[in-house]
Amino acid sequence: MTSHSPQTVAAAIDIGSNSIKMTIGRANGAGGIDQVDWASEVVRLGLGLDRTGVLDEERIETAIATLTRFAAQAREQGATRVVAVATEATRAAANGATFLDRARRETGIDVRVVDGQAEAELTFRGLAAETDLTGSVVVADIGGGSTELIAARDGVMTSARSLALGSGRLTERFVVSDPPRPDELAACEAESSAAIRATRPLGQSTGTADRLIVVGGTGEFMARLLPDEQHIELQGVCLVLAKLATLSAAELADEIEIPQARARVLPAGVAIVAAIASWLHPNRIEISRSGIRTGLLLEALYGDGVSPGHRSEEITGAAEKQPRKDGVAAKTQPDASDGSFRETMRALIGERWRTVLAAIPIALVGVDIEGVHDVRVASRRLRAAMDVAAPAFPGKWYRPLHRTAKEITGALGEVRDRDVLLDALLAERSAAPTAERPGIDRLIERIERERAAAREEMERYLHQLLDGSLPSELERRFGTTDAATNGSGTPTGNAL
Amino acid sequence: MSRAWPVDDVDPEAPVIDNARRVLAVRIAEFYSFEPVVAHPELSVALHDMRISAKRLRYTLELFRPQFGKAGERQIERVKAIQEALGSLHDHDVRIGIIGDELSQLMVEQSRRMRSEIADAAPEELAGIAAAALRPPPDDPRRGLIALLGREHAGRRMAYARFRELWDAYAGDGMRRDLVALSVSPLPARRGNARSATAA
Numbered sequence: 004m005t006s007h008s009p010q011t012v013a014a015a016i017d018i019g020s021n022s023i024k025m026t027i028g029r030a031n032g033a034g035g036i037d038q039v040d041w042a043s044e045v046v047r048l049g050l051g052l053d054r055t056g057v058l059d060e061e062r063i064e065t066a067i068a069t070l071t072r073f074a075a076q077a078r079e080q081g082a083t084r085v086v087a088v089a090t091e092a093t094r095a096a097a098n099g100a101t102f103l104d105r106a107r108r109e110t111g112i113d114v115r116v117v118d119g120q121a122e123a124e125l126t127f128r129g130l131a132a133e134t135d136l137t138g139s140v141v142v143a144d145i146g147g148g149s150t151e152l153i154a155a156r157d158g159v160m161t162s163a164r165s166l167a168l169g170s171g172r173l174t175e176r177f178v179v180s181d182p183p184r185p186d187e188l189a190a191c192e193a194e195s196s197a198a199i200r201a202t203r204p205l206g207q208s209t210g211t212a213d214r215l216i217v218v219g220g221t222g223e224f225m226a227r228l229l230p231d232e233q234h235i236e237l238q239g240v241c242l243v244l245a246k247l248a249t250l251s252a253a254e255l256a257d258e259i260e261i262p263q264a265r266a267r268v269l270p271a272g273v274a275i276v277a278a279i280a281s282w283l284h285p286n287r288i289e290i291s292r293s294g295i296r297t298g299l300l301l302e303a304l305y306g307d308g309v310s311p312g313h314r315s316e317e318i319t320g321a322a323e324k325q326p327r328k329d330g331v332a333a334k335t336q337p338d339a340s341d342g343s344f345r346e347t348m349r350a351l352i353g354e355r356w357r358t359v360l361a362a363i364p365i366a367l368v369g370v371d372i373e374g375v376h377d378v379r380v381a382s383r384r385l386r387a388a389m390d391v392a393a394p395a396f397p398g399k400w401y402r403p404l405h406r407t408a409k410e411i412t413g414a415l416g417e418v419r420d421r422d423v424l425l426d427a428l429l430a431e432r433s434a435a436p437t438a439e440r441p442g443i444d445r446l447i448e449r450i451e452r453e454r455a456a457a458r459e460e461m462e463r464y465l466h467q468l469l470d471g472s473l474p475s476e477l478e479r480r481f482g483t484t485d486a487a488t489n490g491s492g493t494p495t496g497n498a499l
Numbered sequence: 307m308s309r310a311w312p313v314d315d316v317d318p319e320a321p322v323i324d325n326a327r328r329v330l331a332v333r334i335a336e337f338y339s340f341e342p343v344v345a346h347p348e349l350s351v352a353l354h355d356m357r358i359s360a361k362r363l364r365y366t367l368e369l370f371r372p373q374f375g376k377a378g379e380r381q382i383e384r385v386k387a388i389q390e391a392l393g394s395l396h397d398h399d400v401r402i403g404i405i406g407d408e409l410s411q412l413m414v415e416q417s418r419r420m421r422s423e424i425a426d427a428a429p430e431e432l433a434g435i436a437a438a439a440l441r442p443p444p445d446d447p448r449r450g451l452i453a454l455l456g457r458e459h460a461g462r463r464m465a466y467a468r469f470r471e472l473w474d475a476y477a478g479d480g481m482r483r484d485l486v487a488l489s490v491s492p493l494p495a496r497r498g499n500a501r502s503a504t505a506a
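Line by line, the protein sequences are chains A and B. In case it helps, the working numbering puts the first sequence at residues 4 to 499. In case it helps, the working numbering puts the second sequence at residues 307 to 506.
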């Protein structure tokens, strides 16, 4: 683990669908962060996105102005590094890349778009640094455009899911009145429940989590409406929801001291909390203020334990800032403006390999069947990119990794197929008449045996992969310190 | 599983958008090469290959998201919906195969056991063995497997109907035309207006 001196101050900015928030902090020498300053602005960057598919020009202007102010504030506080991430609104918008280009050009801040998985990992890292995560925990990070759900056991993240559910998004779809009508809030809750049921996130079932920890503004502001923040139960959340149907945005803003624009979307956020809590029935619900920005600061100040592809930037003034030429690793999608097809694909394939490698440990834990699925999906996406890019690279340099990508998908297929089948059979069994159960049980036993054997095989293969030369080969070919290239990032063709 | 159609004219030095269009054109052609099997629910293997092809098409659209923009998003949704409908059909096919195999195996085991019992039986026991074989007890495992198999076949019929409904609806909406439009480079703007050019 590399770390900066305790004097190093960094700023972490989170560009969400509702708000842009910044936390400035320094390493406290004990693995944590001492907060120096913070700032928050309700920008509603995601406003109208579901309808139009693009970020509104006026919202972009406001966001750029906010980032400019934040950069100045960070410099005033002595921050020498700024790390910034953008989440659902920017990743979903067709003009997200344009917004990021402007941010880089005009504010000097190089914003990384993170996918749901990376967002969850950063959030979890931030939370784990400041919260005891013993036992079975589900973390819900409710944003304006998406909700990240993370399952963990005894401090180890076992799976994560990003749902297209957000307080801003639901407000736009269902909430017309001010105060919101009870039926509008019921629609928000029903939509959330349906999304949770449809995706069956985390492979989690009712009653299996001891604690639900809600991070982000929704949890923090909801707690201000509760008599006791330390003892929150589902009933309390439902009472808050009922109360929110009686308060206009202006009244709510006044009561809990938040901007009116933020108050407007809070009821939908609380409806999401209610849906998650109804699904999980946790023993208790907690609120935490640590989240993605703490995770970002830890990453910046202590090392890159979360997202190997991430690099932070030194702060410079907008005028002296040059657009980075090597910044492809900061994006999750290829972009025509990055230059040639080969270079863009090289960066993209590197990112996709990292996603595969990051997902493998969760699949190996084996608690959540979605862990195996996640590796398979990530490997398929990797293969899609590698199939397309094959003609752009020398075969000797490229083919072995291409083959490995295919092997990974195959190695997990046998387990995944049986996981899905077992899931279906268990559901069949519980609905079947008693007379049908012996036959179903016989089949379940067979599939369980096959699954155990397939899993053993899969684990052997994945361990072999992680312990072998693959990680270093990937670093050489796609990493930032690429010894196998001729300096411009172009493979020389004899790297093997 | 059918192999992906190769894309021969990728130019590593060209801008991403040019190559994105070339790859997409091949993936669209590959996907629509399966059109003749759409009307044949019995062609399980070909429908599965079509699903894989849909997946390749979808991943290509997702890979070049920034290049295809909003128009690409709509196509991703459509291709994903078709891929999932075909996926559901395939899941039923896999389960039908597995349950059918298990049922066959069970019946072979039962038959073998019965033959062994008959071989060892005293003459007065034969009638009882025959009765048990012809009237299985309520907890005979075949019952559950036969019921499962029936439900899977019914589910498959529904899954195919859903796929056809989706396919026909998207075809009516011009899905192929819209996909092809994404893969074609925009023509350079013409000088003057079309009417005067025609008149000339």
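Mixed in with the good hints, there may be bad ones.
Unchecked claim - Label-pair ranges, simulated between beta-carbon atoms: (1) 448/B to 281/A: 37 to 45 Å; (2) 455/A to 415/B: 18 to 26 Å; (3) 448/B to 455/A: 19 to 27 Å.
Worth flagging that the hints you see were computed from the coordinates, not collected in a lab. Treat the numbers as computed from the prediction; the structure is a model and nothing was measured. For each residue, glycine too, the CB sits at the ideal point set by N, CA and C.
Status of the hints after comparison with the structure:
1. For the pair residue 448/B and residue 281/A, the beta carbons lie near 41 Å from each other, so the given range of 37 to 45 Å is met.
2. At about 22 Å, the beta-carbon gap between residue 455/A and residue 415/B stays in the expected band of 18 to 26 Å.
3. Distance hint check: the CB atoms of residue 448/B and residue 455/A are about 25 Å apart, consistent with the given range 19 to 27 Å.
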